[in-house]
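The chain contents come next:
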Amino acid sequence: MRRRPGIGGLQTAAAARDQYRLVGENVAKIRTDMMKEQLATFRIQLEEFARKHKNDIRKNPAFRSQFHEMCAKVGVDPLASNKGFWAELLGIGDFYYELGVQIVEICLATRPHNGGLINLQELCILLRQRKSDREAVSEDDCLRAISKLKVLGSGFEVISVGKKKLVRSVPTELNKDHNEILELAQAQGFVTVEEVERRLSWTSGRAIDALDTLLDEGLAMIDDGHRDRKRRYWFPCVSSNSTPVADT
Amino acid sequence: MQKLGDFKLPHFFNYPPYFTLQPVRDTREKQVQLWKDLILDYCKTQKIFVIGLEEDFALFSNPVIERSLSHEAREAFLSALVSEGRAEWLNKGHRKCLILWHRVQDWADIIFRFVKDNGLEDSVMTVEEIRSGIESRGTELHGIDRTILMRALRVLEQKGKLAIFKGTSADDEGVKFSM
Numbered sequence: 001m002r003r004r005p006g007i008g009g010l011q012t013a014a015a016a017r018d019q020y021r022l023v024g025e026n027v028a029k030i031r032t033d034m035m036k037e038q039l040a041t042f043r044i045q046l047e048e049f050a051r052k053h054k055n056d057i058r059k060n061p062a063f064r065s066q067f068h069e070m071c072a073k074v075g076v077d078p079l080a081s082n083k084g085f086w087a088e089l090l091g092i093g094d095f096y097y098e099l100g101v102q103i104v105e106i107c108l109a110t111r112p113h114n115g116g117l118i119n120l121q122e123l124c125i126l127l128r129q130r131k132s133d134r135e136a137v138s139e140d141d142c143l144r145a146i147s148k149l150k151v152l153g154s155g156f157e158v159i160s161v162g163k164k165k166l167v168r169s170v171p172t173e174l175n176k177d178h179n180e181i182l183e184l185a186q187a188q189g190f191v192t193v194e195e196v197e198r199r200l201s202w203t204s205g206r207a208i209d210a211l212d213t214l215l216d217e218g219l220a221m222i223d224d225g226h227r228d229r230k231r232r233y234w235f236p237c238v239s240s241n242s243t244p245v246a247d248t
Numbered sequence: 001m002q003k004l005g006d007f008k009l010p011h012f013f014n015y016p017p018y019f020t021l022q023p024v025r026d027t028r029e030k031q032v033q034l035w036k037d038l039i040l041d042y043c044k045t046q047k048i049f050v051i052g053l054e055e056d057f058a059l060f061s062n063p064v065i066e067r068s069l070s071h072e073a074r075e076a077f078l079s080a081l082v083s084e085g086r087a088e089w090l091n092k093g094h095r096k097c098l099i100l101w102h103r104v105q106d107w108a109d110i111i112f113r114f115v116k117d118n119g120l121e122d123s124v125m126t127v128e129e130i131r132s133g134i135e136s137r138g139t140e141l142h143g144i145d146r147t148i149l150m151r152a153l154r155v156l157e158q159k160g161k162l163a164i165f166k167g168t169s170a171d172d173e174g175v176k177f178s179m
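Line by line, the protein sequences give chains A and B. In terms of full-length UniProt numbering, the first sequence is residues 1 to 248. In terms of full-length UniProt numbering, the second sequence is residues 1 to 179.
It should be emphasised that the hints constitute simulated quantities derived from the structure, not laboratory data. We treat Cβ as the ideally placed atom computed from N, Cα and C, and that holds for glycine. Treat each hint with caution, since some may be false.
Cβ-to-Cβ under 7 Å is the rule here; a few derived chain A residues that face chain B [claimed, not checked]:
{"id": "1", "residue": "V104"}
{"id": "2", "residue": "E105"}
{"id": "3", "residue": "D212"}
{"id": "4", "residue": "I222"}
{"id": "5", "residue": "W234"}
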């Protein structure tokens, strides 16, 4: 459109601007509408997918994990509530709820032995032993169930010690010194006072203090039976119970 | 799982610290409970009635992990069984312990059923026959410790189910059942 000088020209320009703005708003609206539609379509397809692969999701932990990732990308949380489409269709809410209950039971049952700290791997092994309907349970499943437990304020926590993950079911707070000892213990399942002093460069007092606290909390057990007469502090939470231990 | 002959050993048996008496109370309680159950279980399946503290009782050491229970530990676990009524010290020095993997009352019930099952309600048997006679074969009574047997018989005698008397030969007692 040719600009024309004078008031008439200005009015035309204003009208033109208005028109452009309207078109612009329209375009934005169309874009949003399109996006909403795309998202709705995507959600429908995801639901379709879930319906079709319900069995795979229930039976296969790797598949289940990827499904969760997919859902997360779309902003869907199948675990968000026990009601609604996802829970009803897949019973996924129930699956994690039941898992959570079993995790609590196992932690309570093993607490006298390990003081309320259990190796995530061992927890999974024990869970799989319990599952009568042979549905596979992965570490990923455990972590999800535990994060749901956390939301309920049950005091459950997953902590990392070295390369391993431990599930804590007691309010015992582990400080950095305790953590370092646990990490050291991962190599052989136990430590000696001497070893702690040497490897971590601590004073004898600091080592004994930390070890005694861990002992009192039920996280460690003493062993005076080795022929070298040195007291060993064993940590049930870092060793796997299923393998016999022998140290020379 | 490690085995001792036919017997399946529990996991804790292979975990060295369980062979040291634990100082922390809760841990110690758990430890004692595990050992009590193991001892009773093992004695029941192996039909062991007496444990000598200084003898080579199989459960007192585990060569695989090179650990043995100290005398103090052995006494602690057995004393716990005694407190629960599942064992008795046979002497003041706490050197021999009678293991009641069946309580005396349970043994009395077993004898009662044994008599009924074999139609012996009005008969007479020697004590030795009860524990090693043909009828006892294949039953829990076979090979039962004499001390325990006598106790159980006396329980039944108190209830009027039988009478114990001195036999004709100098070394055995007899039992007349009246059930």
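I'd like to know which numbered hints this structure contradicts. Please list them from smallest to largest.
1, 2, 3
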